[in-house]
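2 protein chains.
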Amino acid sequence: MDDHALISEAQKDILSLRGISALLDWDEKTYMPEKGIEERAHQLALIEGYTHDKMVSEELFSAVKRLKKENLAEKDSIIVRELFKDLEKMRKIPKELAESLVKETTLASGVWQLARKKDDFNHFVPSLERVIKLKQKEAHHLNPMVSCYDALLEEFEEGMTSEKLENVFVPLKEDLVSLLHDITQSHVYGDYTKTDIQISRADQETIVKDIIKKMGIVDETVSLDVSEHPFTTRIGEFDVRITTRYRSQMDCFFSGVHEAGHALYELGYPKEYSNTVVYDAPSLGIHESQSRFWENLVCRSNDFWEGYFPYFKRFLKNPLSLEEFFAEINHVTPSFIRTDADEVTYCLHVILRFEIERDLMNGKLSIKDTPRAWNDKMKEFLGITPPSDNKGVLQDVHWSFGGMGYFPTYAIGSIYSAQLFNAFSEENSNTQKLIKTQEFSPILEWLGKHVHEKGRTMLADDIIKKACGRGLHPKAYVDYVKGKYGKLYDL
Amino acid sequence: MDDHALISEAQKDILSLRGISALLDWDEKTYMPEKGIEERAHQLALIEGYTHDKMVSEELFSAVKRLKKENLAEKDSIIVRELFKDLEKMRKIPKELAESLVKETTLASGVWQLARKKDDFNHFVPSLERVIKLKQKEAHHLNPMVSCYDALLEEFEEGMTSEKLENVFVPLKEDLVSLLHDITQSHVYGDYTKTDIQISRADQETIVKDIIKKMGIVDETVSLDVSEHPFTTRIGEFDVRITTRYRSQMDCFFSGVHEAGHALYELGYPKEYSNTVVYDAPSLGIHESQSRFWENLVCRSNDFWEGYFPYFKRFLKNPLSLEEFFAEINHVTPSFIRTDADEVTYCLHVILRFEIERDLMNGKLSIKDTPRAWNDKMKEFLGITPPSDNKGVLQDVHWSFGGMGYFPTYAIGSIYSAQLFNAFSEENSNTQKLIKTQEFSPILEWLGKHVHEKGRTMLADDIIKKACGRGLHPKAYVDYVKGKYGKLYDL
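Residue numbers (this note's numbering), protein chains in the order written: chain S, 1 to 491; chain D, 492 to 982.
No wet-lab data here; the hints were simulated from the structure.
Where is the CB? At the ideal position from N, CA and C, for every residue including glycine.
Each hint should be verified, as a subset may be incorrect.
Which residues of chain D face chain S? A few of them, derived with a C-beta cut under 10 Å, are [stated by the list, open to error]:
{"id": "1", "residue": "G527"}
{"id": "2", "residue": "Q534"}
{"id": "3", "residue": "T712"}
{"id": "4", "residue": "P825"}
{"id": "5", "residue": "S826"}
Using the sequences and the hints given, assemble the complete structure.
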């Protein structure tokens with residue numbers, strides 16, 4: 001077999017194995033009977049092992065290294081470049097460290113759940129300590145030339161650094177804190193009391209299916225299932241799954257739209273890179289920009305609801321006016337839980353985590369001081385103090401699975417989404433009308449052309465730079481929330 | 492690693508891989524979006540490859556051979572005996588032959604579906620010819636000392652031979668043909684016209700969940716999903732899935748009960764053989780006996796419906812008396828399609844297939860003469876002639892996937908189920924009352940003790956011999972159908 005055939009076969013197998021892992025994981029969260037969990041862990045570990053073996057194979061690495069030296073056509077050289085990065089990264093982590101990480105994070109997940117039950121951070125401390133030490137080692141293996149946090153951040157957001165983030169997050173924080181202050185002091189702030197939005201489970205299903213179909217989701221390639229925490233996963237190129245959950249209020253609708261945004265990205269990668277590592281997103285932040293784009297910029301907008309409410313309102317159990325409804329789904333309030341946060345406070349939750357995590361991983365904050373640091377920052381950013389660990393430092397699953405460096409991608413996604421929306425609007429003078437009439441195909445086409453079809457051929461920030469004129473920058477997001485919420489709260 | 496540790500780790504991995512295959516297959520039939528099929532085939536092939544590699548590993552085979560020579564405790568010697576059989580069988584088939592079989596049967600499945608669409612057996616002939624030739628080669632590798640058909644039969648029903656089957660099937664056929672004749676000539680035969688049983692989809696779900704729970708199915712280990720053809724699969728020791736389908740009439744109920752019978756067997760294997768190849772059924776026939784036991788002997792009986800109908804009848808859209816309902820679900824009629832057949836004609840459909848398949852595989856019947864042989868036997872056994880290939884020789888999927896030797900297990904299951912029911916009734920004088928009151932736990936316990944908990948420690952026929960006093964024998968089944976249908980049709 002020649003080198004080209006070898007690397008293309010290897011990539012196909014690696015992607016297939018990843019698809020199998022994705023299915024095992026998806027099934028665990030949707031249909032697996034409770035008692036299947038232990039066997040499932042063994043099945044996942046087996047597939048992980050096979051994937052690892054394929055990725056560290058000497059034969060594959062040698063072929064990639066040989067191809068790297070050749071004068072390749074553009075497409076091939078991109079594939080070889082990205083594949084080399086993936087393999088090199090995998091080979092940098094000693095096997096014992098990789099195994100310890102799997103073992104400790106599996107244990108830590110259980111301990112974290114127990115700590116949540118007890119509402120006691122101290123219970124989680126020894127586990128977290130072990131995970132952090134291992135992640136620090138991992139960071140050192142990945143890149144000893146940069147700070148520990150930056151090495152980990154690179155795993156989720158290639159090309160991003162703490163410094164770049166700080167340049168964006170510091171002014172963003174100031175603007176959002178000040179906007180939040182203005183909103184809560186606004187003379188109309190108290191006018192909207194919490195309104196109950198009640199829709200039957202069957203109707204929630206009808207609505208979510210209607211809206212994701214309008215976004216461009218087709219049954220032949222996407223299944224919609226139910227899980228406790230909504231997520232999107234790709235099991236094959238033509239097999240993407242999204243999940244949602246049925247609760248009262250609008251959770252099902254916005255979760256569905258959010259995940260559908262992820263799914264459209266997964267389905268839009270460049271077909272010419274099919275079955276290669278380039279058939280993927282370059283970062284989590286840009287992935288999140290797609291879900292946020294649809295969830296917030298499109299489907300939480302005034303334009304959208306002006307057009308959609310006449311159809312939608314028939315499902316409401318309690319009659320509401322468009323104004324009441326719109327105010328309710330855009331209610332801004334300082335709150336403890338990130339996943340419940342509104343568009344104004346959400347990034348503040350994320351920046352808080354970024355600052356704490358960065359200091360923790362770089363050894364500038366001790367684990368035992370973390371809850372205090374958390375609560376101090378909550379007070380500083382949002383003016384509130386969590387009454388307990390569950391509503392503070394214990395709320396997120398990320399540290400227990402070793403996902404340090406992950407959080408910033410949520411804010412990056414929000415920021416990118418506003419930048420992309422601006423760029424789209426500048427090119428399309430009929431944006432408001434498209435959204436009002438749910439004429440989404442020009443939007444999807446534009447996102448496809450400027451984001452999805454780039455796959456991993458470019459860094460995320462370069463994709464944004466090309467599409468929007470500049471890379472990560474807070475202005476578009478700040479302008480967006482100031483405009484929208486300034487109007488809503490009569491500032 | 493010592494030999495014991497080596498074989499136990501290998502078995503755990505092999506079972507885990509089989510569980511992964513089972514999940515990939517289950518998902519394909521339940522939730523996978525249509526377009527996922529091509530990638531799914533690659534994923535299944537990958538896992539097949541890994542399973543094959545593990546099973547033909549020299550290291551494992553050497554360990555098993557060494558252990559075989561040792562003086563082992565009973566449990567270990569059973570494990571080693573069964574594992575040796577599995578590995579030896581796998582090693583007997585040359586790799587090229589195994590690959591050709593996968594390739595040809597995959598193609599043949601597509602061709603068979605097209606032939607079904609065209610309703611034209613000739614379209615299927617060239618594919619079937621290739622599959623048969625490969626299966627004949629396979630049979631020769633498996634056991635050159637017996638007829639081709641017997642070598643293949645052994646794969647599904649270890650210890651069974653054509654001769655043994657003929658000794659059972661010939662008298663059974665005579666008795667069933669004569670009973671069918673008496674029924675259709677009965678003075679009350681025309682009294683029951685086809686009655687429509689209509690139950691809403693939601694109510695069908697309520698009823699099937701009620702009945703399988705009463706049988707002993709618990710949510711923590713069994714999921715119930717929907718597929719075109721109902722089936723049962725084991726993804727892990729504590730993760731068994733059954734599927735059903737929602738149609739009008741009683742299809743959902745009886746499919747559910749049938750599959751739940753399989754699932755209870757899967758969940759009842761001997762725990763001390765956990766994670767070994769002995770944690771399994773010794774044959775497909777005995778597996779089918781469990782589904783038939785619950786579906787027919789229990790849940791299609793007069794006793795059961797006397798007790799269950801008062802609850803059940805509230806779900807009927809059209810009012811029916813118990814007598815009308817019972818006559819409808821036990822209506823006997825010669826029909827073309829095996830899967831629609833009643834208790835009297837079902838085994839005749841199977842015996843027809845056995846006779847044709849045996850002659851085909853042993854070279855005594857040519858493929859081109861098969862449709863005529865089929866139709867002649869239909870006339871002889873059931874007095875009817877299929878109007879087309881789809882209602883005759885083309886109806887079953889089995890030949891396209893190379894499942895020659897599979898069919899007899901359906902009749903063996905029916906026969907065993909009656910033998911087991913007799914043995915249970917002899918030991919339990921209150922059988923009628925247990926069934927009438929849906930007090931199923933003593934039945935499940937008895938089946939557990941006499942069948943499920945044997946796992947693969949004994950051959951199927953030895954399990955039956957021990958539980959019922961003798962091995963496969965048609966008397967119990969003939970007595971059962973004569974008694975039940977003699978009464979129903981006033982013979």
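Let me make sure I understand: some of the numbered hints might not hold for this structure. Which ones are they, in numerical order? Those not satisfied are hints 4 and 5.
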